[in-house]
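Those protein sequence lines, which keep their order, are chains H and Z.
Okay, so the first sequence: first residue is 1 according to the numbering used here, each after it adds one.
Okay, so the second sequence: first residue is 1 according to the numbering used here, each after it adds one.
None of these hints come from the bench; they were simulated from the model.
Do not take every clue at face value.
[Unchecked claim] Listed next, with one range per pair, are the computed distances between beta-carbon atoms:
id, chain 1, residue 1, chain 2, residue 2, range
1, H, Glu114, Z, Met86, 40 to 46 Å
2, Z, Arg88, H, Thr153, 38 to 44 Å
3, H, Gly25, Z, Lys255, 31 to 37 Å
4, H, Glu274, Z, His7, 48 to 54 Å
5, H, Gly25, Z, Leu10, 57 to 63 Å
6, Z, Ala376, H, Leu223, 56 to 62 Å
7, Z, Lys255, H, Ile56, 22 to 28 Å
8, H, Leu223, Z, Gly154, 55 to 61 Å
9, Z, His7, H, Asp220, 58 to 64 Å
10, H, Asp155, Z, Arg285, 25 to 31 Å
11, H, Glu114, Z, Ala376, 52 to 58 Å
12, H, Arg178, Z, Gly154, 27 to 33 Å
Virtual Cβ for every residue (Gly too), placed ideally from N, Cα, C.
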Amino acid sequence: MTNETSNSTNSSTANDDHPVIKCDGVYKIFGDNTAAMMAKSNGNIDVEAFKEAGCIFGVNNASLEVHKGEMLIVMGLSGSGKSTLLRCISRLTDTTNGNIFIDGEDLLAMNAKELMELRRNKMGMVFQSFALLPHKTVLENIAFPLQVKGTSTEDSMKRAMDMVNLVDLTGRENYFPRQLSGGQQQRVGIARSLAVEPDIWFLDEPFSALDPLIRKEMQDEFLRLQEMLNKTILFVTHDFDEALRLADRIAIMKDGVIEQCDTPANIVLHPATEYVAKFTNDVPRERVLTCENVMEDIGIDSDLSELKVPRNAVIETVAEAILSEDKPVAVVDENNEIVGTLHASHVIHVLFGKDEPKPASASQATGV
Amino acid sequence: MNNLARHPKLVQFAALLVVFFILCFAIEPSENNILWRLPAFLSAVPEMLNNSVEFIMFEWIPIQTYNVEIEDYEESALMIEITRSMSRAVLFGIEFIREILVGGQKTIVAFTSWDFISENDWAYWPALPWTVVAGVGITLGYALSGRWLAILVGCATTYIAVFGQWVPAMETLSFVLIAAPASVVLGVFLAVLAFKSKAFENALMPLLNVAQTMPHFSYLVPVTVFFGVGDHAGAIATVIFATPPMIRLTLLGLKGVSPEVLEAGMMNGCNKVQLMFKVLIPTARHDILVGVNQVIMQCLAMAVIASFIGAKGLGFNLLLALNQLRIGQALELGICIVLIAVVLDKLSLGWANKQIDYFADLSFVERHKYSLIMTAILVAGVVLASIGSLIFKDGINYFYLIPHNQGLTTENFWQSGVDWIVDNWYSSLQVFNVGLIVNVLIPMKNAYLSMPVSATFVLVMGVGYIVGGLRSALVVGGLLLFIASTEWWDRALITAYMATFGVLVSVTIGLISGSLCAQTRFTTKGILLVCDTFQTFPSFIYLIPVIMLFGVTDTSVLIAVIIYATIPATRYTVEGLSNVPQSLLDAGSMSGVNRFQRWIHIELPLAFPHIMLGINQTVVFALFMVIIGAMIGTDDLGQLILKSLSDEFGIGNGLMLGLCVAFIGLAVDQILRTWASERKKALGVA
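Could you build the full structure based on these sequences and the hints that come with them?
What follows is the structure in structure tokens.
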């Protein structure tokens, strides 16, 4: 179990680069006895004792940080506690124990009014079942968060219309949700969550209810939006492929515990637990790994081919070129300086052997 | 033997029946035998109720009030002042709307005095010409839902006006326009409270159960005691009667809102009020609208019954016509009530479905199109009425108001139809009638009356135990104990016998016709439409044709019961059968079942829990109709309830009798509902 976030209990780090979302030892425990057990435990939660008393751990000691403009994907199967964790962070459910900070402010200490203001101005959320208001049109749904905030009808409708255009629903603004397909409904959900220009964007399995082709289309759409808007994102999914495709970092959850939280490449290359490894086994590595992940150090053998590949290129995109070269290929960084070499046989070995690539080079790939 | 072992419940039921019959034959019918009839433990309760109501009403917390007439302060009880001011407020509302529609002076009086009226001849609020009301209605229909509703409203209003029922119809309308919104608001308010507080819900639910199984009549007695007699009392009784389904449906709707929608509302930054009024209630709209629809139906059903305590309008005239056996006129009035019900129902639906266009850049005229049209109609109607006063010289202005005796009437047609039936079919109808009474009804009634009370307890509690375990048995037993401890056990048995007969026939008819109609999509739609239409009719209407055919007998009541109670039986059968998953039917087809096998082996077992709920409804409907049948003359609980209405100290008896009826319904409800939910769970279709 590796949590790559720091476990420092000192939360008031006066750092400019403080995380937008910070969870510290978050517990969500269900069960009738929970309150009594918590009173007894004095903050030291003994998992076994709680379970014996009939408590169920939705979230078990989760700690994570999401930085500005970063997309963290929480991945887990159903019942793993991923949605519960998201609901703790959006405070849709009450956290049993632990600390959550949004922009350095203590979320759990906020009163109802502060929470409401936070949600009205800083947060947006997209739901699995779209959660559109059935009695409102597309336009009214998107304008809804603005209207509850007290924005004038004219302004909120104008803004909502911009959002309609942003998610490509122009011409359907007067439709009712029931008249739209699933993909279109989720576009409305996305537009609604973005209407107040939130800094933090929560997405709870937004594409899980959609057909595979539509899902792919919506993922592309989502990446397009994120490129444009650069939000801080917490995204929950049960689809590992989706996580690999979209995430900056992935947190894998099982039974309420974060098993591993790392970049997609590191998770594929160095699964922390057997559970994580089960997911990574069947992953097409060429789609996840970059040249940097699999390159070797520049050896004595400097007899390189003419071809140079950028270090952040995904293997899939350069594989054919590398394989057609006899000699090793140079991997270059942004300044066109050679940082490593790739040999076809080695690439094949990493991709299709169940062997790990050289740990030395892989460890450089941590961070954001 | 194997078969028996596979159905343990069947064995239990058989054993129960054996015990039941042994008890029936073994127990000596004697007044002193406690196993035969329980002594009336509760016979003093009505008196106590009377006294306590009397106390609360006239003695509890005396306060000083100023009496205008004697120009001095006098002592009065708090309660009576409260109910008086409520009565006044409700009455003012009704009178106000009524006088807009048909003219009058009482609203002016409310702000001045009768002296003012007699001094000033001009002080009379003129009625709107019927053309204006019709025109506004048509415009409203068009604005809310389009051409078809406009045509419907046009036809309905014209019918009412042309048949000379305008004034009573408007009286009924004013009554509904006060009672229905009040019920809706009260219902939503209580439902919201129940949604917020589990404790409140737990307290409310049993009350609702009793309220919804109490016969209409028993509401009238307490209302007359607290609020007197008149339109306001009728309206208040109606509100009390129409609110429970509103609460229930609103609560159902609120609870059905998906948690994600609720969360979406919270994440969008709604405060509590916004969450309730902008997210929860609109999202639960469908159920709430069904509730509104129910309220309107109940209001119109009560429009007839409330006329027992002095509500004016169509219902009052209908009651008179029925009492005088003027079938033709009763039929016309019945049609008017149904038309008002349908129009109000459609208008309220249309209103709820309306939407706004935000980007339409409209001019003043476009924006206020409908208000302008309505104003134009008002002016045109008034002008037309003035012209009418010049054309029609005999003092009757057909463009203003068609009085009762000047309208068209089909009464003679219907009356001669009835006469024709009596002339030609009388003997054969009479044979059927007498045959039914002598061969079926009287033996059945006697069998019910010769049941020892202990045997009844064993049977009913036994069924409760087999179906729902100890808890059900105790609940059912408790309800029964209450009835057995009153002095009306025999009457209750008669009610039970009539209801049983009605339910048996209704369920048979409902099952067969429902199953037949569920076979094709077309007939399914057709029968549901028929059920919808029939359900719109106030229950009283059903008495009209049966009296026409069978006169004033038990048979008439039972046939009305059967027609009325067949509606839910049929509807639930059709719904249950058509909700059987297609995949199962396909699986059956691929196994090679024929239609009958499919019905027996696949459709019926899966639909049965739902049909069971239909039977439950059938029981409640049948009980209501049996009680209303007291109008025609029966000798069951209903008759006593009707009697307590005209009794000055009727409140105790009226309430206890109402509870007896309600408890019969609740006992059946407890058993059937438990059984249905067990089956649903077992079948995994809950």
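Is the hinted range of 57 to 63 Å satisfied by the C-beta distance from Gly25(H) to Leu10(Z)?
-> The hinted range 57 to 63 Å holds for Gly25(H) and Leu10(Z), with Cβ atoms some 59 Å apart.
Could you say whether the range 25 to 31 Å given as a hint is met by the Cβ separation of Asp155(H) and Arg285(Z)?
-> Since Asp155(H) and Arg285(Z) have Cβ atoms about 27 Å apart, the given range 25 to 31 Å holds.
Whether the CB-CB distance between Lys255(Z) and Ile56(H) falls inside 22 to 28 Å = 24 Å, holds
Within 55 to 61 Å or not, the Cβ separation of Leu223(H) and Gly154(Z)?
-> 57 Å, holds
Range agreement (Cβ of Thr153(H) with Cβ of Arg88(Z), hint 38 to 44 Å) | The hint (38 to 44 Å, Cβ to Cβ) holds, given that Arg88(Z) and Thr153(H) are roughly 41 Å apart.
State, for the Cβ atoms of Arg178(H) and Gly154(Z), whether the hinted interval 27 to 33 Å holds or is violated.
-> At 31 Å between Cβs, range holds.
Glu274(H) paired with His7(Z), Cβ distance criterion 48 to 54 Å | 51 Å, holds
Should the hint that Gly25(H) and Lys255(Z) are 31 to 37 Å apart at their CB atoms be regarded as holding?
-> Once the Cβ atoms are compared, 35 Å apart, the range 31 to 37 Å for Lys255(Z) and Gly25(H) holds.
Range agreement (Cβ of Asp220(H) with Cβ of His7(Z), hint 58 to 64 Å) | 60 Å, holds
Taking 56 to 62 Å as the hint, is the beta-carbon distance of Ala376(Z) and Leu223(H) inside that range?
-> 58 Å, holds
Do the Cβ positions of Glu114(H) and Ala376(Z) conform to the proposed distance bound of 52 to 58 Å?
-> This hint holds: roughly 54 Å between Cβ atoms.
Between Glu114(H) and Met86(Z), is the Cβ distance one that fits in 40 to 46 Å?
-> This hint holds: roughly 44 Å between Cβ atoms.
Checked against the numbered hints given earlier, the structure satisfies every one of them.
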